[in-house]
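Number of protein chains: 4
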Amino acid sequence: MNDLDRLKELFSEFPGIGPRQAERFVYFILRKNGAYAENLSKAILGLKRHIRQCEDSYQYFFAQGDERLSPIARSQARDDSLLMIVEKDTDLENIERSASYSGRYFVLGGTVPILEKEPERRIRIRELKEIIKRKSTEKNIKEIILALSANPDGEHTATYIKEELEPVSKEYNIKITELGRGLSTGTELEYSDKETIRNALQYRHS
Amino acid sequence: MNDLDRLKELFSEFPGIGPRQAERFVYFILRKNGAYAENLSKAILGLKRHIRQCEDSYQYFFAQGDERLSPIARSQARDDSLLMIVEKDTDLENIERSASYSGRYFVLGGTVPILEKEPERRIRIRELKEIIKRKSTEKNIKEIILALSANPDGEHTATYIKEELEPVSKEYNIKITELGRGLSTGTELEYSDKETIRNALQYRHS
Amino acid sequence: MNDLDRLKELFSEFPGIGPRQAERFVYFILRKNGAYAENLSKAILGLKRHIRQCEDSYQYFFAQGDERLSPIARSQARDDSLLMIVEKDTDLENIERSASYSGRYFVLGGTVPILEKEPERRIRIRELKEIIKRKSTEKNIKEIILALSANPDGEHTATYIKEELEPVSKEYNIKITELGRGLSTGTELEYSDKETIRNALQYRHS
Amino acid sequence: MNDLDRLKELFSEFPGIGPRQAERFVYFILRKNGAYAENLSKAILGLKRHIRQCEDSYQYFFAQGDERLSPIARSQARDDSLLMIVEKDTDLENIERSASYSGRYFVLGGTVPILEKEPERRIRIRELKEIIKRKSTEKNIKEIILALSANPDGEHTATYIKEELEPVSKEYNIKITELGRGLSTGTELEYSDKETIRNALQYRHS
Chain E
1 MNDLDRLKEL FSEFPGIGPR QAERFVYFIL RKNGAYAENL SKAILGLKRH IRQCEDSYQY
61 FFAQGDERLS PIARSQARDD SLLMIVEKDT DLENIERSAS YSGRYFVLGG TVPILEKEPE
121 RRIRIRELKE IIKRKSTEKN IKEIILALSA NPDGEHTATY IKEELEPVSK EYNIKITELG
181 RGLSTGTELE YSDKETIRNA LQYRHS
Chain G
1 MNDLDRLKEL FSEFPGIGPR QAERFVYFIL RKNGAYAENL SKAILGLKRH IRQCEDSYQY
61 FFAQGDERLS PIARSQARDD SLLMIVEKDT DLENIERSAS YSGRYFVLGG TVPILEKEPE
121 RRIRIRELKE IIKRKSTEKN IKEIILALSA NPDGEHTATY IKEELEPVSK EYNIKITELG
181 RGLSTGTELE YSDKETIRNA LQYRHS
Chain C
1 MNDLDRLKEL FSEFPGIGPR QAERFVYFIL RKNGAYAENL SKAILGLKRH IRQCEDSYQY
61 FFAQGDERLS PIARSQARDD SLLMIVEKDT DLENIERSAS YSGRYFVLGG TVPILEKEPE
121 RRIRIRELKE IIKRKSTEKN IKEIILALSA NPDGEHTATY IKEELEPVSK EYNIKITELG
181 RGLSTGTELE YSDKETIRNA LQYRHS
Chain P
1 MNDLDRLKEL FSEFPGIGPR QAERFVYFIL RKNGAYAENL SKAILGLKRH IRQCEDSYQY
61 FFAQGDERLS PIARSQARDD SLLMIVEKDT DLENIERSAS YSGRYFVLGG TVPILEKEPE
121 RRIRIRELKE IIKRKSTEKN IKEIILALSA NPDGEHTATY IKEELEPVSK EYNIKITELG
181 RGLSTGTELE YSDKETIRNA LQYRHS
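Protein chains in written order, with full-length UniProt numbering: chain E, 1 to 206; chain G, 1 to 206; chain C, 1 to 206; chain P, 1 to 206.
Mixed in with the good hints, there may be bad ones.
You can't tell identical chains apart in this list, so a pair holds if it fits in one copy or across any two.
Unchecked claim - In silico lysine-lysine, DSS-like type, Cα no more than 30 Å apart, as pairs:
no., residue 1, residue 2
1, Lys32, Lys142
2, Lys117, Lys139
3, Lys8, Lys162
4, Lys142, Lys194
5, Lys175, Lys42
6, Lys88, Lys129
7, Lys142, Lys8
8, Lys135, Lys48
9, Lys194, Lys162
10, Lys139, Lys8
11, Lys88, Lys42
12, Lys42, Lys135
13, Lys32, Lys129
14, Lys8, Lys194
15, Lys129, Lys8
16, Lys8, Lys117
17, Lys142, Lys48
18, Lys42, Lys194
19, Lys162, Lys48
20, Lys48, Lys170
21, Lys117, Lys48
Please keep in mind that the hints were generated in silico from the structure rather than gathered at the bench.
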């Protein structure tokens, strides 16, 4: 297989990309000047070389020296009493974009589908417990926020984590909370599903 | 203009229906047997004849005798202490379908767009105040729930109503609440807008 | 069942309309003044009363007196030597809008799905043969144009009709043609399917 | 800017890719093992190193030695009497997939938008004339097929090329044709635009 076909195949593995769009990517690179291809090639190699996974939060981050913690995990400005649990890096980045959270994070690395028999193979539950214990002796975690998507997998994962964390949350007196449910921006009442209406009513506020 | 073209034009006024779909409706009726057209024609006439607007809630309802109140407004089983304010009948029907509310309703008949100079011409604010006063002397309203869509018009209407109801809510000691904001069913964190994330964080719960 | 629910049900039968949109139609009529409902009701009744099916082309048309033929079928300006066969009235109307055809029409009233065992129950094939025979003795049909959609049902219907019309087309020396296949407006070569490219190549022209 | 952000930016330049999807590509590479990133990086570099542009057809191709012609351009099995003119490589690849053409190709490298004052800067019109002259003295081109998209730019480009090639086509007695226009696969008559109906009628066939 030649480079053209191999590249087409590698791009086809990208999330959401079929063979046709992969082909368009290849011709796009061919039409660009040589510098673009070289920069792209270098950045991909550099990614694996310079990007490390944070030992506390499991977030990927760009390491310039031998840091073992991501900028958020080592920042003095973040609130140690809050730990938010997210599924993946892109969720974390989107929450950061909202500029409404100043605590720490933990990236689960996946979700637990319903009927999964070995949940511990899907998410970093063991690592999560360890970090909570370690942090709780050093500092003081007051609240763990489960920030999972409002779909069956997300809800099942939240239920599983709450059960698993019950002993440790009792031991260290940590409150476990979930993101609020209700009308999201743009929701029209006429078209809302029953669950959203029920949640919006239950969590109504002044 | 003949009946075919006139009917096409009348169907084109239906919400969300363009001239092409209006045309398909006409041919659909033509292909059906005569009874269908007759039933449709009768039901439309009957609608205006038998459907009345409730004097308390302004909901449309089917009146068999000389009732002046809708079934929900005259039901003994509903909770008089709760009054939910909605924009339109289809919102009310969707909330009823969720089977999670047992109080009374008031239909505003519209929303107040931002920059509207005469809000009282857009919604039944005068009628709303009157009904609150009248009900408060007879019975006991404890909470008014603003159930408006989570979009600019809905939010602006909620703000306007809260201001307008302030005196009467103080006088009769009525709490004014809004539907909960946060993740609606199916929302994925990766794609949530900033406002939804902010709301979901603010209204997080155990 | 009251008029409101009955009307909701009748609108739900409209092509492409679900229960929710049917409900919105009902409330739309309720909010309009009484004249709208009366006009709509009358136009629907009038439709069945004044709309007749052409005895030659089977097109629906508005009959003012006791005409038995549609305006197109009785027009002196149309070309008797061309007979175009279409599936339904809306196809005919769209072809008329293109202002590129001046012959006569015949409306089949449906298509013949693949594997259908009794095709004669799906389309007016018997009526079509009769009209061709009758017209061929009176006037002179030179060409029958099969104007069917470019999908499996349309293609199968065309094949069936060609077989059925073979004897009559030989007897009266009538050419049977089909609409041209190739690139339709807006088609991009990069995304064309194989069949379209094959047709576009086969029917290329100077 | 670190590798992560630089890569995000480079992926954002890919056709049809916004910043969010570019981010997902980056995290996808991070989650894959090191071999994937290395293969991707190598294939991109190799692309520019091993992919050459054919001197006859201007198609990109994988060159193993010092070939100057693409496999299609040097194949003995292809028909020299046919020359198909396409806008870009992906059009050519799609036509090859249809397995309905066995002649040669010429890739224009773009289209000529309406009102463009210097069309010769947008497409390889000079190179096209030269290749036609050269090929016509060596071999015998009988037909040039303009295979352009059925949109305003494609049609304008076809008109421009036909004018430009008039002298050379007369000199060497070459017929210039265009792809057939009509119903493409899946087209329904009810929703066809006027131009498509007009073409389908004009190019109807037995």
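Hints and how they fare:
Taking CA atoms no more than 30 Å apart as the test, lysine 32 paired with lysine 142 passes in neither setting, with 52 Å inside one copy and 35 Å between copies. Taking the closest pair of Cα atoms, lysine 117 and lysine 139 never come within 30 Å of each other, the shortest separation being 34 Å inside a single copy and 55 Å across copies. For the homomeric pair lysine 8 and lysine 162, neither the shortest alpha-carbon distance inside one copy (43 Å) nor that between copies (35 Å) is at most 30 Å. For a Cα distance limit of 30 Å, the shortest separation of lysine 142 from lysine 194 across copies, 25 Å, qualifies, whereas the shortest one inside one copy, 33 Å, does not.
In the homo-oligomer, the alpha carbons of lysine 175 and lysine 42 never lie at most 30 Å apart, since the shortest distance is 45 Å inside one protomer and 49 Å across protomers. Within a single copy, lysine 88 and lysine 129 get their C-alpha atoms as close as 18 Å, which meets the 30 Å cut-off; across copies the closest is 49 Å, which misses it. With identical chains, the CA atoms of lysine 142 and lysine 8 are never at most 30 Å apart, being 49 Å at best within one copy and 35 Å at best between copies. When the C-alpha separation of lysine 135 and lysine 48 is checked against a cutoff of 30 Å, the pair qualifies only within one copy, where the shortest distance is 29 Å, while the shortest distance between copies is 50 Å.
Taking CA atoms no more than 30 Å apart as the test, lysine 194 paired with lysine 162 passes in both settings, with 25 Å inside one copy and 26 Å between copies. With identical chains, the CA atoms of lysine 139 and lysine 8 are never at most 30 Å apart, being 50 Å at best within one copy and 35 Å at best between copies. In the homo-oligomer, the alpha carbons of lysine 88 and lysine 42 lie at most 30 Å apart both inside one protomer (25 Å) and across protomers (28 Å), since each shortest distance falls under that limit. Neither within a single protomer nor between protomers do lysine 42 and lysine 135 lie at most 30 Å apart by alpha-carbon distance, with minima of 38 Å and 42 Å respectively.
For the homomeric pair lysine 32 and lysine 129, the shortest alpha-carbon distance between copies (25 Å) is at most 30 Å, but the shortest distance inside one copy (49 Å) is not. Within a single copy, lysine 8 and lysine 194 get their C-alpha atoms only as close as 44 Å, which misses the 30 Å cut-off; across copies the closest is 21 Å, which meets it. Taking CA atoms no more than 30 Å apart as the test, lysine 129 paired with lysine 8 passes in neither setting, with 42 Å inside one copy and 33 Å between copies. Neither within a single protomer nor between protomers do lysine 8 and lysine 117 lie at most 30 Å apart by alpha-carbon distance, with minima of 36 Å and 36 Å respectively.
Taking the shortest Cα distances, lysine 142 and lysine 48 never come within 30 Å of each other, neither inside one copy (35 Å) nor across copies (55 Å). Within a single copy, lysine 42 and lysine 194 get their C-alpha atoms no closer than 50 Å, and across copies no closer than 33 Å, so neither meets the 30 Å cut-off. For the identical chains of this complex, lysine 162 and lysine 48 are neighbours neither inside a copy (34 Å) nor across copies (52 Å), given an alpha-carbon limit of 30 Å. Taking the shortest alpha-carbon separations for lysine 48 and lysine 170, neither the intra-copy value of 39 Å nor the inter-copy value of 60 Å comes in at or below 30 Å.
Neither within a single protomer nor between protomers do lysine 117 and lysine 48 lie at most 30 Å apart by alpha-carbon distance, with minima of 32 Å and 47 Å respectively.
When held up to the earlier numbered hints, the structure conflicts with 1, 2, 3, 5, 7, 10, 12, 15, 16, 17, 18, 19, 20, 21 and fits the remainder.
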